[in-house]
Amino acid sequence: MRIIQASEVEALIKQLILDAEFNIGDDIRSALQTALLRETTAPARLALEQILENQRIAASEQTPLCQDTGMIVVFAYLGQDVHIDGGFEEAIQSGARSAFHEGYLRASVVADPLFDRINTRDNSPAIIHLRLLPDDDNLRLLVIPKGFGSENMSAIRMFPPSAGRDGVVDFIVDTVRRAGSKPCPPTIIGVGIGGTFEQCAQIAKLATARRVGSINPDERYAALESECLERVNALGIGPAGYGGITTALAVHISCVPTHIAGMPVAVNIVCHASRHSEGSL
Amino acid sequence: MIAVNAIDITLPLTPEIISSLNPGDIVRITGTVYTARDAAHKRVTESLANGEPLPFDLVGQTIYYAGPAPAKPGHVVGPCGPTTSARMDAYTPQLIKAGLRGMIGKGERSDAVRGAMREYGAIYFGVVGGAAALIARCVKRCALVAYKDLGTEAIRRLDVEDMVAVVLDKG
Ligand code: SF4
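Order-wise, the sequence lines are chains X and A.
Under numbering that gives the first Met the number 0, the letters of the first sequence match residues 0 to 280, in that order.
Under numbering that gives the first Met the number 0, the letters of the second sequence match residues 0 to 170, in that order.
If we strip away everything but chain A, and leave its shape as in the complex, we get (with noise of 0.2 Å):
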């Protein structure tokens, strides 16, 4: 376990939380993510365009950018690090504008994505990429949500306790 000086946030996210954050803090998150890569953006911002029912509520959740690898016997989750934010940035202002709130992954972020941040008050986390056996220990419970064809790339809830991010953008 490593020592470390961090901000206790549980989720789903409030106003009151995400305006208390700022870029550079070291959080411990709890709570509930959903996990969701490129195809899985892809079909939720269909089913937004097509006024159809999401998968899960989007509104004031977070999602995860991982695609995690499958759990062995006896394990919650495989490997599950982060994937590269950029490659959702042609969707999120959408989802964002539909309610999500926070955003777990690394890298940088396009200037739209920034831009809903602030307009709708949402946060983007980092986790370290790579760490990814590390992280998958923090997984207390992982359940596939919706698009299982997708594989990895399904839409899984997952049960996180003190899982170690750094604040990296805000609205």
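If we strip away everything but chain X, and leave its shape as in the complex, we get (with noise of 0.2 Å):
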């Protein structure tokens, strides 16, 4: 049995959470400038290179990569031979408050959805997902502080299994395509299937966080991974959407057992600003 305190989870996370905001991954940083070299016209190298320079602002500022700085969303994967001194969720809200309050991120999230609308004034609740691990004294944790922008754009379908592989990549770039320009392209392309409805969901936000320019290990997704990336940037919607042949940075597609009767897809789309942290205790 291995203890750790409340505290540090809380001092973990607001680390995490600050760090995703203000320094963007060297993996998306590196894709974006290979597009550049890729991309001709005039709007769509400005975009790119405003979108490089930002990053740069950003990580020598230690300011936020974007105004919307997000709902905050924490995978935890606690090993069953933890003992958690003190409150976790607790520790979890409070540490995402400080950051909070620290990084100057902005307060997005209202407490009543569709009545009052009232802001909580310091972006509370962060959103946790709790998974225990067998044989295991570590506690890993995920932040993937997630804009609304792209959030919006986002889909869930429940597919008879008969709409097979063609059915999953259309929906996958009619998602795009009807996304436009509003959820900040270059994007990358979160896809769970399988599954049940949340679990669906929940994988394929998992899969935006997934490193850019990694393969998928197996090599039917990785075939179907690569299609889906081609047609989506063969839409036009390019950087910003000022056109151009960069409109996603990579679709990463995950996949879980399902029923019998069904097949769940979920797209779920993230912005350039893909902001996730990692960490252990």
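Errors might be hidden in some of the hints.
One-sided excerpt, in silico: chain X residues whose CB lies under 10 Å from chain A [to be verified]:
#1 A46
#2 A57
#3 E60
#4 L64
#5 Y103
#6 N151
#7 I155
#8 F170
#9 A272
Label pairs and their in silico Cβ distance ranges [to be verified]:
#10 A:R117 - X:P160: 46 to 52 Å
#11 X:D173 - A:F55: 50 to 56 Å
#12 A:F55 - X:L132: 53 to 59 Å
#13 A:D56 - X:T39: 38 to 44 Å
#14 A:R117 - X:R176: 21 to 27 Å
Treat the hints as calculated values from the structure; they're not laboratory data.
Where a beta carbon is used, it is the ideal one built from N, C-alpha and C, also for glycine.
The task is to assemble the complex, starting from two chains supplied on their own in separate frames and drawing on the hints.
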């Protein structure tokens, strides 16, 4: 049995949120640099140069990449041999609140979604997904601050199994087409296939945090990812919607077992400010 | 600083400026813009419908669809990129009718907005979504104008200098 203090969890959450908000991953930066070499029109090149310059400014000033500092999503993987001394969820919430105050993040959350829509003023609450890991005495945290320009363009559909591969590809491409320039392209497309309604959405979100440039270990899915990426980039939306061949930097597909009667597909779009950060205790 | 061939324009917009520009043109905007997002648009259109005075004179002005993050000490404004313009589409035709001439945001607009732009001669500029820290550097002054209770969604007057944008659509 290993004991982890709740205060350590709180400190790590704060650090991970701020790291994600200020510093873009080198995988995304280099994908954008590659895109800049390939785009030929002035507006598309301008958009990519501005995005890259923005990343330099955010890192050097330690200021948020985007004013929409997002809702904070936390995936926590807790080893079963760990005992947390103190309130675990409260530690995450208070870590997120400290990040909000210290990082000058934006209060982007309302308490009631339909009627009052009154701002919670400290960006709370963070959304927590917790899993227990057997034979493990570590705590691993993945933090994804999620902006809503791209979240709003995401979609889920419960397909019949007969929809097959083509049904999946068309749904992904249509979702990106309908999103147009609203989700701040170039985007990263996280796709979940299988599971139940909620699990499908959850694995799609996790897929967005996969390293850009990494290859799906299953060849069939790897081929599906490249086909989708090619078709999405043929839409011509381009960086910032200014037209061009870089509408998405990557399509990441994740799958899980599902019911004999179904094939849920979730498409979670993330902007070029794809923020995520991981750490462990 | 990114070297770019751009047309310099100074706000407020005039019919001459608007007619000289074309979709795809890259411009460098200097002058005063007002921030307004969903909640502020709702209040402004309610005031228009009730014949109440608006918190600022809309005639000839430009709205920037943005809700900045808080400013760090010593900074004019926090990161300040555009939000999705389409969410304001339900309100925009009424604002254009009341005198609004320029909009800055990101993403496509509805047919109703495009129709109103044509009818009244308004223009829509795009700035790069997510380039928020970069855009904040163009903001030289920032003042609260109305709806303080809305927090980031309040209306603010921003004096911008050399804000690089692309003409997306015009009347
Ligand atoms: S979609 Fe992303 S880059 Fe665009 S405004 Fe939202 S958080 Fe920022």
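Check your understanding: Looking back at the hints listed earlier, which ones does the structure fail to meet?
Key -> 7, 8 and 11
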